[in-house]
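Peer 1: Here's the letter readout for the chains.
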Amino acid sequence: EAGVAQSPRYKIIEKRQSVAFWCNPISGHATLYWYQQILGQGPKLLIQFQNNGVVDDSQLPKDRFSAERLKGVDSTLKIQPAKLEDSAVYLCASSLSGQGGIGNTEAFFGQGTRLTVV
Amino acid sequence: QKEVEQDPGPLSVPEGAIVSLNCTYSNSAFQYFMWYRQYSRKGPELLMYTYSSGNKEDGRFTAQVDKSSKYISLFIRDSQPSDSATYLCAMIKGGYQKVTFGTGTKLQVIP
Numbered sequence: 001e002a003g004v005a006q007s008p009r010y011k012i013i014e015k016r017q018s019v020a021f022w023c024n025p026i027s028g029h030a031t032l033y034w035y036q037q038i039l040g041q042g043p044k045l046l047i048q049f050q051n052n053g054v055v056d057d058s059q060l061p062k063d064r065f066s067a068e069r070l071k072g073v074d075s076t077l078k079i080q081p082a083k084l085e086d087s088a089v090y091l092c093a094s095s096l097s098g099q100g101g102i103g104n105t106e107a108f109f110g111q112g113t114r115l116t117v118v
Numbered sequence: 001q002k003e004v005e006q007d008p009g010p011l012s013v014p015e016g017a018i019v020s021l022n023c024t025y026s027n028s029a030f031q032y033f034m035w036y037r038q039y040s041r042k043g044p045e046l047l048m049y050t051y052s053s054g055n056k057e058d059g060r061f062t063a064q065v066d067k068s069s070k071y072i073s074l075f076i077r078d079s080q081p082s083d084s085a086t087y088l089c090a091m092i093k094g095g096y097q098k099v100t101f102g103t104g105t106k107l108q109v110i111p
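Residue numbers (our numbering), protein chains in the order written: chain P, 1 to 118; chain Y, 1 to 111.
No lab work stands behind these hints: they were computed from the structure. Note that CB positions come from ideal geometry on N, CA and C, so glycine has one too. Some hints here could point you the wrong way.
Covered, in the sense of this in silico footprint (three residues per stretch, anywhere, with C-beta under 8 Å from a C-beta of chain P), are these stretches of chain Y [stated by the list, open to error]: (1) 32-46; (2) 101-109.
Here's a subset of chain Y near chain P, in silico, CB distances under 10 Å, partners left out [to be verified]: (3) V4; (4) Q6; (5) P8; (6) F61; (7) T86; (8) L88; (9) A90; (10) I92.
BS3-like mimics (lysine-lysine), calculated; alpha carbons at most 30 Å apart, straight line [stated by the list, open to error]: (11) K98(Y) <-> K71(P); (12) K62(P) <-> K70(Y); (13) K44(P) <-> K78(P); (14) K44(P) <-> K15(P); (15) K42(Y) <-> K78(P); (16) K78(P) <-> K93(Y); (17) K71(P) <-> K93(Y); (18) K106(Y) <-> K70(Y); (19) K44(P) <-> K106(Y); (20) K78(P) <-> K15(P); (21) K2(Y) <-> K98(Y); (22) K93(Y) <-> K67(Y); (23) K11(P) <-> K71(P); (24) K56(Y) <-> K42(Y); (25) K78(P) <-> K67(Y); (26) K62(P) <-> K42(Y); (27) K42(Y) <-> K44(P); (28) K56(Y) <-> K98(Y); (29) K2(Y) <-> K67(Y); (30) K2(Y) <-> K62(P); (31) K98(Y) <-> K62(P); (32) K42(Y) <-> K93(Y); (33) K11(P) <-> K98(Y); (34) K106(Y) <-> K67(Y); (35) K98(Y) <-> K70(Y); (36) K83(P) <-> K98(Y).
Isolated chain P, as found in the complex (with noise of 0.2 Å):
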């Protein structure tokens, strides 16, 4: 079984300039994730898709960030403009459903996009 596709894996960009992540989940997870994490931290919920509906944005940085999972497969992860704190690594992760027991609300994690503002 195919895992979860991120792309690219690093991005280099400097301050003001706009990027964007790309995830392709595992096929047939109807849940797609996008966390930040920062170095020495713990991933941090950016936003909840449930098929091409938003579950939970509430720690979405809306000024400048944004995200959309078109037919509720890929998904896309956007901002502009970037701020040196903005340097993290983002992970996307699915799982077949949102609710239920650990079986349908098990995360699979991507190996992530490390990304450094200079």
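For this one, chain P is given, so just place chain Y on it according to the hints.
Peer 2: Relative to chain P, chain Y alone:
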């Protein structure tokens, strides 16, 4: 106060030692408790989960939950160098199962 607190370490132990990793939480709404392992430059992977107070064992790993004290632990017996990683506790509330992670404890097992 953070909802989930975890000692960041780092923790360095000799091979064969028993390792104890701990997290505390403040919100009694958490229903599922998980431990993820994250190797360097990789995404987290689920190691163990439980939803009730008590112990759950899987090979060399034991997950322990004490809901009355809002305290969870992961024990690793006979630790191996391959166990060297960052261990993240994670918890889920009800509804659409938003996962809240601890900050992670970096573990190094010295051969």
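Peer 1: Taking the hints in turn, state whether each one holds.
Peer 2: Results for each hint:
Chain P is given as covering the region 32-46 of chain Y, and this holds because 8 residues of the stretch bring a CB closer than 8 Å to a CB of that chain, at least three being needed. Under the rule that three or more residues need a Cβ within less than 8 Å of chain P, the assignment of the region 101-109 of chain Y holds, with 4 such residues. Interface hint status for V4(Y): upheld, as the beta-carbon distance to the closest one in chain P is roughly 8 Å, under 10 Å. Hint status for Q6(Y) relative to chain P: holds, with the closest Cβ pair at about 7 Å, below 10 Å.
Here the hint on P8(Y) is kept, as its CB sits about 7 Å from the closest CB of chain P, short of 10 Å. The criterion of a C-beta within 10 Å of any C-beta in chain P is not met by F61(Y), whose closest approach is roughly 16 Å, and the hint is violated. Look at T86(Y): its Cβ gets to within about 9 Å of chain P, closer than 10 Å, so that hint holds up. The beta carbon of L88(Y) is positioned within 10 Å of a beta carbon in chain P (closest approach about 5 Å), and the interface hint is therefore held.
The beta carbon of A90(Y) is positioned within 10 Å of a beta carbon in chain P (closest approach about 8 Å), and the interface hint is therefore held. Hint status for I92(Y): holds, given a least beta-carbon distance of 7 Å to chain P, under 10 Å. Under the criterion of a C-alpha separation no larger than 30 Å, the hint pairing K98(Y) with K71(P) is consistent with the structure, at around 22 Å. Restraint check for K62(P) and K70(Y): the C-alpha separation of about 33 Å exceeds 30 Å, so the hint is violated.
Proximity of K44(P) to K78(P) is assessed by CA-CA distance (about 16 Å); at most 30 Å being required, the pair is judged to hold. Between K44(P) and K15(P) the CA atoms are separated by roughly 22 Å; this keeps the pair inside 30 Å, and the hint holds. With a CA separation close to 21 Å, the supplied pair K42(Y) and K78(P) stays within the 30 Å bound. Of the supplied pair hints, the one linking K78(P) and K93(Y) holds, its CA atoms being roughly 28 Å apart against a limit of 30 Å.
In summary, the hint linking K71(P) to K93(Y) is supported, as the alpha carbons are separated by about 27 Å, within the 30 Å threshold. Simply put, K106(Y) and K70(Y) have alpha-carbon atoms about 22 Å apart, close enough for the 30 Å limit, and the pair holds. Proposed proximity of K44(P) and K106(Y) is supported: the alpha carbons are some 18 Å apart, at most 30 Å. Proximity of K78(P) to K15(P) is assessed by CA-CA distance (about 14 Å); at most 30 Å being required, the pair is judged to hold.
Distance hint between K2(Y) and K98(Y) is fulfilled; the C-alpha atoms sit about 15 Å from each other, no more than 30 Å. Pair hint K93(Y) plus K67(Y) holds up; C-alpha atoms about 14 Å apart against a cutoff of 30 Å. A C-alpha spacing of about 26 Å is found between K11(P) and K71(P), which places the hinted pair at or below 30 Å, so the restraint holds. Distance hint between K56(Y) and K42(Y) is fulfilled; the C-alpha atoms sit about 26 Å from each other, no more than 30 Å.
For the given pair, K78(P) sits about 39 Å from K67(Y) by alpha-carbon distance, which is inconsistent with the 30 Å threshold. The hinted pair formed by K62(P) and K42(Y) meets the criterion: a straight-line CA distance of about 27 Å does not exceed 30 Å. Simply put, K42(Y) and K44(P) have alpha-carbon atoms about 16 Å apart, close enough for the 30 Å limit, and the pair holds. For the proposed pair K56(Y) and K98(Y), the alpha carbon gap of about 23 Å is at most 30 Å, so the pair holds.
The suggested pairing of K2(Y) with K67(Y) holds, with an alpha-carbon distance near 17 Å, which does not exceed 30 Å. Using a Cα cut-off of 30 Å, the hinted pair K2(Y) and K62(P) holds, with the two alpha carbons roughly 22 Å apart. Restraint check for K98(Y) and K62(P): satisfied, since their Cα atoms lie roughly 19 Å apart, inside the 30 Å limit. For the given pair, K42(Y) sits about 26 Å from K93(Y) by alpha-carbon distance, which is consistent with the 30 Å threshold.
The suggested pairing of K11(P) with K98(Y) holds, with an alpha-carbon distance near 28 Å, which does not exceed 30 Å. Proximity of K106(Y) to K67(Y) is assessed by CA-CA distance (about 25 Å); at most 30 Å being required, the pair is judged to hold. Restraint check for K98(Y) and K70(Y): satisfied, since their Cα atoms lie roughly 18 Å apart, inside the 30 Å limit. Straight-line distance between C-alpha atoms of K83(P) and K98(Y) comes to about 26 Å, which keeps the hinted pair within the 30 Å bound.
Checked against the numbered hints given earlier, this structure breaks hints 6, 12 and 25; the rest are met.
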